[in-house]
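Could you put the whole structure together from the sequences, leaning on the hints where they help?
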Amino acid sequence: MSQEVNLNDQVGAMTTHEVHHDEHHGHHHKETFITKYVFSQDHKMIAKQFLITGIIWAIIGGLFSVMFRLQLGFPNETFPFLENILGKWAAGGKIQPEFYYALTTMHGTVLVFFVLTAGLSGTFSNFLIPLQVGARDMASPFMNMLSYWFFFVASIIMISSLFVQTGPASGGWTVYPPLSALGDASEGSKIGMDLWLIAMALFVVNSLLGSLNYISTILNMRTKGMSMTRMPLTIWALFFTAVLGVLSFPVLLSGFILLLFDRHAGTSFYLSDIFLASTQKALPNEGGSAILYQHLFWFLGHPEVYIIILPTMGLVSDVMSANARKPIFGYMAMVGSMFAIAVLAFLVWAHHMFVTGLNPFLGAFFVLLTLLIAVPSAIKVFNWLTTLWRGNLRFTPGMLFSIGFVSLFISGGLTGIFLGNSTLDIHLHDTYFVIAHFHIVMGVSAFFGMFAGLYHWFPKMYGRYMNNTLAYIHFWITLVGAYLIFWPMHYQGLAGVPRRYLDFSGWESFNQFDGLNRFISIVTIMVFAVQLLFVFNFFYSIFKGRRVTTQNPWGATSLEWTTPINPGHGNWEGEIPEVHRWAYDYGKDGRDFIPQTEPISANESPESKH
Amino acid sequence: MAQAVPAEQKWWSGGKSPFNVEYGKLMMWYFLMSDAFTFGAFLISYGTIRFASNSWPDPNEVFQSFPGLGSGLPLLFVSLMTFILIISSVTMVLAVQAGHAMDKKSVVRNLVLTIIGGIAFLSCQAWEWSHLYHEGAWWGSNPFLNADGTKATTNFSNFFFTITGFHGFHVFSGVVINIIMLIMTLNNVFERKGHYLMIEKAGLYWHFVDLVWVFVFTVFYLV
Numbered sequence: 000m001s002q003e004v005n006l007n008d009q010v011g012a013m014t015t016h017e018v019h020h021d022e023h024h025g026h027h028h029k030e031t032f033i034t035k036y037v038f039s040q041d042h043k044m045i046a047k048q049f050l051i052t053g054i055i056w057a058i059i060g061g062l063f064s065v066m067f068r069l070q071l072g073f074p075n076e077t078f079p080f081l082e083n084i085l086g087k088w089a090a091g092g093k094i095q096p097e098f099y100y101a102l103t104t105m106h107g108t109v110l111v112f113f114v115l116t117a118g119l120s121g122t123f124s125n126f127l128i129p130l131q132v133g134a135r136d137m138a139s140p141f142m143n144m145l146s147y148w149f150f151f152v153a154s155i156i157m158i159s160s161l162f163v164q165t166g167p168a169s170g171g172w173t174v175y176p177p178l179s180a181l182g183d184a185s186e187g188s189k190i191g192m193d194l195w196l197i198a199m200a201l202f203v204v205n206s207l208l209g210s211l212n213y214i215s216t217i218l219n220m221r222t223k224g225m226s227m228t229r230m231p232l233t234i235w236a237l238f239f240t241a242v243l244g245v246l247s248f249p250v251l252l253s254g255f256i257l258l259l260f261d262r263h264a265g266t267s268f269y270l271s272d273i274f275l276a277s278t279q280k281a282l283p284n285e286g287g288s289a290i291l292y293q294h295l296f297w298f299l300g301h302p303e304v305y306i307i308i309l310p311t312m313g314l315v316s317d318v319m320s321a322n323a324r325k326p327i328f329g330y331m332a333m334v335g336s337m338f339a340i341a342v343l344a345f346l347v348w349a350h351h352m353f354v355t356g357l358n359p360f361l362g363a364f365f366v367l368l369t370l371l372i373a374v375p376s377a378i379k380v381f382n383w384l385t386t387l388w389r390g391n392l393r394f395t396p397g398m399l400f401s402i403g404f405v406s407l408f409i410s411g412g413l414t415g416i417f418l419g420n421s422t423l424d425i426h427l428h429d430t431y432f433v434i435a436h437f438h439i440v441m442g443v444s445a446f447f448g449m450f451a452g453l454y455h456w457f458p459k460m461y462g463r464y465m466n467n468t469l470a471y472i473h474f475w476i477t478l479v480g481a482y483l484i485f486w487p488m489h490y491q492g493l494a495g496v497p498r499r500y501l502d503f504s505g506w507e508s509f510n511q512f513d514g515l516n517r518f519i520s521i522v523t524i525m526v527f528a529v530q531l532l533f534v535f536n537f538f539y540s541i542f543k544g545r546r547v548t549t550q551n552p553w554g555a556t557s558l559e560w561t562t563p564i565n566p567g568h569g570n571w572e573g574e575i576p577e578v579h580r581w582a583y584d585y586g587k588d589g590r591d592f593i594p595q596t597e598p599i600s601a602n603e604s605p606e607s608k609h
Numbered sequence: 000m001a002q003a004v005p006a007e008q009k010w011w012s013g014g015k016s017p018f019n020v021e022y023g024k025l026m027m028w029y030f031l032m033s034d035a036f037t038f039g040a041f042l043i044s045y046g047t048i049r050f051a052s053n054s055w056p057d058p059n060e061v062f063q064s065f066p067g068l069g070s071g072l073p074l075l076f077v078s079l080m081t082f083i084l085i086i087s088s089v090t091m092v093l094a095v096q097a098g099h100a101m102d103k104k105s106v107v108r109n110l111v112l113t114i115i116g117g118i119a120f121l122s123c124q125a126w127e128w129s130h131l132y133h134e135g136a137w138w139g140s141n142p143f144l145n146a147d148g149t150k151a152t153t154n155f156s157n158f159f160f161t162i163t164g165f166h167g168f169h170v171f172s173g174v175v176i177n178i179i180m181l182i183m184t185l186n187n188v189f190e191r192k193g194h195y196l197m198i199e200k201a202g203l204y205w206h207f208v209d210l211v212w213v214f215v216f217t218v219f220y221l222v
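Chains as they are written, first to last, in numbering that gives the first Met the number 0: chain S, 0 to 609; chain F, 0 to 222.
Where hints are given, some of them may not hold.
Stated by the list, open to error - When the alpha-carbon atoms are kept at most 25 Å apart in a straight line, the in silico DSS-like pairs for lysine-lysine are as follows:
| # | chain 1 | residue 1 | chain 2 | residue 2 |
| --- | --- | --- | --- | --- |
| 1 | F | K24 | S | K223 |
| 2 | S | K587 | S | K223 |
| 3 | F | K150 | F | K24 |
| 4 | S | K587 | S | K47 |
| 5 | F | K150 | S | K280 |
Bear in mind the hints are in silico, worked out from the structure with no lab data behind them.
So, in C-alpha cells, the structure goes:
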C-alpha cells in the first residue's frame, strides 16, 4: 500500500531519503489471523494461496482424467463406485456420454486456466518477483489481494457448475458455438455453460489485476543496481507472461460477452442458418459467424499456451543454472528468444483453425509464422543443454524436474512442427496426435517446470525442505509415466483415432488399440497416485519437513536467498540490498558462486559477456 | 512524469522508480492497452460480420432524430453527443492542469464540469437507446432495412447496442471515478498528499474512453 505514499514523499519533498522508506517497513503492523492468512496483502502469502488453490484444482482436474481414462481403457466394464460419486452421470457404474464430454471439458478448463495459469503464474509471479528484483512487495498489494479473491470466486463458481442438475459445460474447453450458444443443443450448454462463462470472466479480471501488478513491479520497483539485464531469467519470463496476459485475455472477454448475448439476448453474433435436431426447429438467427468466435478464442488461446510455458522456462533456467553450478548459457539469447516467442504468440492463432473453413491462402502465412516459433524454442533448448554441458550437476529434485522439462519440451516441440503444417493438419487435426502433442509440450512439461520451481523454492516458501526420497519417486514415475501415456497416443493419432470419442470398441479401424488404451489408462492411474504422493509430501513438509538452517541452502546467487529464512512482510530486515552483478556468477574465478549483492572486486575477471 | 523531477535523479533503490514514473500511472497505461484490446476485439468482430453481409442499414437513415426537433436530421444528435464528450475531455485536461498547479478550486470546478459532461453524454445515450427501442430496435430485433432495400439481419442492432452499451458502461465508470476524485479533492486528500497524481490517472482513463468513442462513432455512424 505504501509504495505510492513513499514515492509521493519523494515527489513532494525531494529531500526525503530512501532510508525513510525502509524504516517504514521495518516494524511490522500487528497482524490478525484474518489479515495474515486470509485477506493477506503480503505477496508471499498470496503466492501460497494461489499455490494451494491450484493444487486443489489440479487434484480435481487430474481426477477427471482418471475417470474418463477408466471409460476409455475399460469401455465394457462397470465401476459401481463411480455411481456412488457421480450419481446419475455414471448410472450403473458407466460414465454417461454427456458426462464424458463434461469431464473432458472441465479437465481442459481446469488444467489450462485454473492450474497452469493461475496456479503457476499466480504462485511464482507473486512469490518471486518482489524477492528477486528486490522489492518490499508488489506495486499494489491491495490489487494483488483482489486478484487472488477474483480467482477464488471464479473457482467457487466453476466448482458450483459441477453440481447443477444439467451438469457443467460440456462443449470442449474451447466452448465453440453454436453448440455452446444454444441451450437446447446439449445438457452442458444450459446453466453449466453460463456458470462457466461467468467464472471465466472473473478469471480474466484476476489475470488482469495480477498481470498489471507484475509488470509495474518488474519495471518500476527493482532495487538499486538491478538493471533489466541483471534480472534472473525467471523475472524476464514472468514479465513476458504478464504482457501476454494483459493483451490476450481481454479479447477472450469480448468473445465471451458476445457469446453470452447470443445465449440470452437473441443476438446472432456467432449463429446463422441453424437447424436444431433436438427440437426439430430451424432457428431464426442469421448473419453471424461461428468462425468469428474461433478467431476471438484463439487470439487468447494461442498466447495462453505461452502464458503457461514461459514461466516454467524461466524457473527451469534458474534452477538449472544454480544446480549445474554454471552460468546460464546465452543469457541475452534466452531473453531475446522469449521476446520472440511473446511476439510470435500473437501471430499464429489461426493454426488452430486450419480445417474449420479458414482460407487456405491465409493458412499458408500462419504455417510460416508457426514454424518460425521453432527458432526461438530451439535456441532455448540448446542453451539449456549447453548450460548442462560439463556442468557440476547436483541432482536435486528441482534439477531433475528441470532436465525432465527440457526432455519433454523437445519431444513435444518436435511434433509441433508436424502440426504446424496446414496440409498435414488435414490428417492429424482432432486426433490423438494433437492430444499427445499439447499434453507433452505444454501440459506435462509445464507441470515439470512447476515442480522444479516448487522443489527449489519450497525452502524459501516455508523454511523447510520437502522430502527427497518421495521427490525422487515422484520424479521418476511421473517422467516415465508421462512418456508411457502420451508417446503411444502419437501412433493412435497417426492411425486416425479421433479425440473426444467415448468408446472405440465398436470401431473396426480403432479397436486394435483396445489393449493400448487399457495400458494408457493403468499408467494414468499410477501417475495420478504419484501426484497424490507429491501432495502429501508438500503438506507434510510444510509442518514436519526438515528445517532450513542456512539462508542460502542451494548456494544460489539471486536476491531471494539474502532474505531471512522466514522473511516477514517487507522481505528484508533493514535496507534492501544493492545489486552489483547479474544472477549467474557461478564457478567464477575459482569461486563456487558470487551472490548478486557482492560488489565487483578490483582483480576480478571481467564480467562474462551475456 | 507529471511532476518536475530532475532528470538525473534516479531512485534506483528498493521501492523507488527506475523510470521515474509512479507505478499507478504505469498500471493505468497497461490497463488501457488491455482495454483497447477488448474494444478492438469488439470492433473487429463488428467489421468482420458487417463486411461478410451483403448489405447493411444506412446510418443516415437510422440516426436521424433529435429530441424536440423530430426526424430528418441525420447524425445531428450524435454530433451533439460527441461534442459533449470531447468538451468533457477538455475540462478534464484543465482539471489535471489545475492539479499540477495545486489549484484546488480550479480542480473542483473542472471536475464538476467533466462529471456534468459525462452525465449529459449518458443521458443522451439513454434517450437515443430508448428512441431506437421504440422504433423496434433491440438486441435480437432490427426494423431497419439495408441500404439496398433488402431485409437486414439483426446484427446491426446487436452490435450497436452491445458496443455502445459497453462504451456507455465505461463512461459510467469514468463518471463514478471522477465523482470519487471530486470527493477526495473536497476532503483535501490530495492537498495532504502534496500532489494531484490521482486526478491525472483518472484523466488518462477519461481520455481513453473519449478516444474509444471516436472509433465507435466512426464505425457506427459515419461509415
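Structure-based check of all given hints:
Only pairs whose Cα atoms come within 25 Å are accepted, and F:K24 paired with S:K223 is accepted, the gap being roughly 21 Å. A hinted pair counts as satisfied when its Cα atoms are at most 25 Å apart, and S:K587 with S:K223 qualifies at roughly 23 Å. Between the alpha carbons of F:K150 and F:K24 the distance comes to roughly 48 Å, so the proposed pair goes past 25 Å and is violated. Using a Cα cut-off of 25 Å, the hinted pair S:K587 and S:K47 is violated, with the two alpha carbons roughly 35 Å apart.
Between F:K150 and S:K280 the alpha-carbon distance is near 22 Å, which keeps this suggested pair within the 25 Å criterion.
In this structure, the hints that do not hold are numbers 3, 4, in rising order.
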